[in-house]
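Participant: Here the protein sequences line up with chains A and B, keeping their order. The numbering of the first sequence is the numbering used here, which starts it at 1 and goes up by one. The numbering of the second sequence is the numbering used here, which starts it at 1001 and goes up by one.
Calculated directly from the structure, the hints in this document are not laboratory data. Do not take every clue at face value.
[Unchecked claim] If you want a taste of the chain A side facing chain B, the calculated C-beta under 7 Å gives, among others: (1) N107; (2) A113; (3) G121; (4) N164.
[What the hints assert, rightly or not] A few chain A residues that don't get close to chain B, going by computed Cβ distances all over 10 Å: (5) A115; (6) W116; (7) T131; (8) K149; (9) P167; (10) Q196.
If you're wondering where the values come from, they're calculated on a predicted model, not measured in any experiment. Just so it is clear, CB atoms sit at the ideal spot from N, CA and C, and this is done for glycine as well.
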Amino acid sequence: MAAGTLAGIAMLVLGESHLSLPGYLMNPLYEELTTQGASVHAIGACGATAGDWLKKVEVPCGADRFKGDTVFKGRAATTSPIKELIAQDKPNLVVIILGDTMASYDNETFPRAWAWQGITGLTKEIAATQTPCVWVGPAWGTPGGKYFKNDKRVEFMAGFLEKNVAPCVFIDSLKFSKPGQWATVDGQHFNLAGYQAWSANITKALAALPVVQGLKK
Amino acid sequence: MIRADLTFRDVTLRKILSIAEAYAREMTCSASLTRLTAYCAGLMLSGLMFSASSHAADIPLYPTGPSADSSFVRFINGTDAALELTAAGSKAKVQLDLKTPSTVFYPVRAKSEIKGQFSLAQSKSDISTSVKAGEFVSVIALADGSKLKHVAIGEEPDDFNALKVSLALYNVGTTCASASLQVVGRDVMLFEKVATNTLTRRMINPVKISVQLLCGDQVIGGPLELGELIAGERYSVFAVPAAGTTRVFIVSDAVAR
């Protein structure tokens, strides 16, 4: 294994739709992380919120990539309880890439209580296993589109996550680009160049975190 | 607007209490509790089924949040004696005493009617309340002479923060029109002039402190040790009537998971 910035780290990476299609975040991020020496199990589940990773929930699509094998799933896709995943993989770092599915872009009122319940439910489950974790927040999209993503709400969502994901360390994806800089196909999901840029930035930010540097072997 | 036609699961007080009863018996989070807290996931699934018919080019459409925020209710014993909480139309009971004066916050369907009864010996107080979306309602049983009554106080918090402690003062002391909490040993007021049947909430650092209740300018009772307050957790101090005066106790604002 190359002696990269993430050498020796076994990562469990969980995400929403961004991590569920090959041309999205799944392949470029997996490749960036493994190039830097990490051993990665990445699972995407379209539409999954934080609370959906506490149990098995059916989702309309998803993907699972582990040890080079990738399975992209349609309606057979599900989430899995985080405790089971951690017990099975025994990662030394959990990375959550989640935000857009909880932002309620089409609703004037942000569902704070629901979001808080889901986020803290997931972080407490991870903390109970004493596995360090990192939460990667949403990136800027392009206003409008079928998900009604908008700059004001995505900024609010990132701020809400930053305040509520502890003990996970928060990575603010909004710092990786300017609003609208990464082109999207539907306001929310990026084209390949956007996902490649997001992947490179996530990998770089992960490697710079003290909690990650402490894990390197 | 693309919105899923979401159907809430009917969560009644009877269901809550039957689950609470099992919870109290096992002292662990049971499968039933999980079923209760899973109602939001049910919403998501409903939304996802809806989304299948709205298939887009690359990825099926899905909602980016629930159609309504979560709602919660809990029950507090603000009397000096052990009492029972019963759901309407059910034999399920939960006992609340001085050692365990509070239930956890249970997720409930917004705007649904929550019906039940507090009972203490022959005294009873019928509960009928509802909870708004995003609201956390505390139903507090109180002594009313030799009878029993209750008040329901709701809050819609916007201070969620995993790095701080969230602490509230609920004042339901009938002889304490203006309640304050002072940090013992320091000239610092945590809460000031909280009117009867209202609450005030604030963020504090996760420190170990004791507090002293004041009604108006009058020191009431002895200090209350708040214990080790944990960052990210939420707590409530209740000021309740007690034999012509007012006493305070602290509970965790834990949510059933």
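Participant: Against this structure, judge whether each hint is valid.
Facilitator: Against the structure, the hints:
| no. | hint | verdict |
| --- | --- | --- |
| 1 | N107 | holds, 6 Å |
| 2 | A113 | holds, 4 Å |
| 3 | G121 | holds, 6 Å |
| 4 | N164 | holds, 5 Å |
| 5 | A115 | violated, 8 Å |
| 6 | W116 | violated, 4 Å |
| 7 | T131 | holds, 17 Å |
| 8 | K149 | violated, 8 Å |
| 9 | P167 | violated, 8 Å |
| 10 | Q196 | holds, 17 Å |
Hints 5, 6, 8, 9, counting from the list given before, are not met by this structure.
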